[in-house]
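Undergrad: Sequence:
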Amino acid sequence: MIKRLIICLFITLLIGCSHSPEREDRGGYIVDHSYPYSTKQPIDSIKFLVLHYTALNDKRSVRVLTGGRVNAHYLIPSQPRYKDKEPIIFQLVSEKERAWHAGKSEWNGYQSLNRYSIGIEIVNCGFEQKFVEKEWCSYHPSQINAVIRLAKDIIHRHNIQAVNVIGHSDIAPLRKEDPGPVFPWRELYKQGIGAWPDHATVNKYLADRAPNMPASVMSIQKALALYGYSIPQTGILDSATHKTIQAFQMHFRPSDISGIPDAETEAIALALVEKYQ
Numbered sequence: 001m002i003k004r005l006i007i008c009l010f011i012t013l014l015i016g017c018s019h020s021p022e023r024e025d026r027g028g029y030i031v032d033h034s035y036p037y038s039t040k041q042p043i044d045s046i047k048f049l050v051l052h053y054t055a056l057n058d059k060r061s062v063r064v065l066t067g068g069r070v071n072a073h074y075l076i077p078s079q080p081r082y083k084d085k086e087p088i089i090f091q092l093v094s095e096k097e098r099a100w101h102a103g104k105s106e107w108n109g110y111q112s113l114n115r116y117s118i119g120i121e122i123v124n125c126g127f128e129q130k131f132v133e134k135e136w137c138s139y140h141p142s143q144i145n146a147v148i149r150l151a152k153d154i155i156h157r158h159n160i161q162a163v164n165v166i167g168h169s170d171i172a173p174l175r176k177e178d179p180g181p182v183f184p185w186r187e188l189y190k191q192g193i194g195a196w197p198d199h200a201t202v203n204k205y206l207a208d209r210a211p212n213m214p215a216s217v218m219s220i221q222k223a224l225a226l227y228g229y230s231i232p233q234t235g236i237l238d239s240a241t242h243k244t245i246q247a248f249q250m251h252f253r254p255s256d257i258s259g260i261p262d263a264e265t266e267a268i269a270l271a272l273v274e275k276y277q
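So for the sequence shown, our numbering puts the first residue at 1; every next one is plus one.
Honestly, the hints are just simulated from the structure, not real lab data. Do not take every clue at face value.
[Said to hold, decoys possible] BS3-like mimics (lysine-lysine), calculated; alpha carbons at most 27 Å apart, straight line:
id, residue 1, residue 2
1, K275, K85
2, K204, K222
3, K176, K47
4, K47, K204
5, K190, K85
6, K96, K47
7, K104, K176
8, K152, K204
9, K243, K47
10, K152, K134
11, K190, K204
12, K190, K130
13, K83, K47
14, K275, K152
15, K40, K96
16, K104, K83
17, K47, K130
18, K96, K152
19, K222, K152
20, K59, K134
21, K85, K40
22, K222, K96
23, K190, K104
24, K222, K176
25, K176, K204
26, K85, K104
27, K176, K190
28, K243, K134
29, K47, K152
30, K40, K104
31, K176, K85
32, K104, K222
33, K130, K83
34, K190, K59
35, K130, K59
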């Protein structure tokens, strides 16, 4: 009887171990495979890294991103747990498969970026509507640390160019705003992730103009198109142009995201083109 109980206990332990969360230490961060999802669609050559916010809490983020309609390769919790000073990050979809995170999108001449990109979702509420203004939700420092460690590794392994580390709003500016204007792109740049203009070059193109001085719509349209954005080339400040300028400002000039084509926006765009294109 005792022998049978011991055998049953041993089998139970084996079953429990086989269903325990699998963790993979990648040297700098830990991947948790507790919520695997397969899209069964192979990814093409990886050229882009796209960052998102979920606009949901942790529990709902996991449920939605493993429900089949939308997903991402990685999910960073609202306050990641750490083990031996390494952040624990959920991997939902294998990097060998496409994840449904980009939707209708375009960047640097590529369309449908699900085929070519790794998607990172960050648990964040996005924004709260305060009358006519949006109050954007901040990111926890532990999340940004996790983003930096994960992004550095992905960029290194797939040789992703700086201009191709982008937000969802960059590749779909007419319908998306994530990761929003409070996402610290400049901080990531200082860690070797993504692009940022040189201050001296911005001043050169500003050419003693006031930052809020009106600028040529056509000039900004051309510069943003050269940098990678899909934007009309008409010289007209239509809705698509306004939203694309706003997306650009969220990324590179978050202090003013009005979407107005001003001198500082033009100077930043031209400085980026000179540096990276």
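Undergrad: For each hint, tell me whether it holds in the structure or not.
TA: Outcome of the hint check:
1. K275 / K85: Distance of about 35 Å is beyond 27 Å: violated.
2. K204 / K222: holds (18 Å)
3. K176 / K47: Holds, because 21 Å separates the two Cα atoms, which is no more than 27 Å.
4. K47 / K204: violated (31 Å)
5. K190 / K85: holds (21 Å)
6. K96 / K47: holds (13 Å)
7. K104 / K176: holds (10 Å)
8. K152 / K204: violated (31 Å)
9. K243 / K47: Holds, at roughly 25 Å.
10. K152 / K134: Violated, because 31 Å separates the two Cα atoms, which is more than 27 Å.
11. K190 / K204: holds (22 Å)
12. K190 / K130: Since the Cα atoms of K190 and K130 sit roughly 32 Å apart, the hinted pair is violated (cutoff 27 Å).
13. K83 / K47: violated (31 Å)
14. K275 / K152: holds (21 Å)
15. K40 / K96: holds (10 Å)
16. K104 / K83: Violated. K104 to K83 sits at ~37 Å, over the 27 Å cutoff.
17. K47 / K130: With Cα atoms ~38 Å apart, K47 and K130 exceed 27 Å; violated.
18. K96 / K152: holds (18 Å)
19. K222 / K152: violated (30 Å)
20. K59 / K134: Given that 27 Å is the threshold and the Cα spacing comes to 24 Å, the pair holds.
21. K85 / K40: violated (34 Å)
22. K222 / K96: violated (35 Å)
23. K190 / K104: violated (30 Å)
24. K222 / K176: holds (22 Å)
25. K176 / K204: With a Cα-Cα distance of about 32 Å, the restraint between K176 and K204 is violated, given a limit of 27 Å.
26. K85 / K104: violated (38 Å)
27. K176 / K190: holds (25 Å)
28. K243 / K134: At roughly 16 Å apart (the allowed maximum being 27 Å), K134 and K243 satisfy the hint.
29. K47 / K152: Within the cut-off at roughly 14 Å; holds.
30. K40 / K104: This hinted pair holds, its Cα atoms lying about 20 Å apart.
31. K176 / K85: violated (34 Å)
32. K104 / K222: holds (22 Å)
33. K130 / K83: The hint is violated at about 38 Å.
34. K190 / K59: violated (32 Å)
35. K130 / K59: holds (25 Å)
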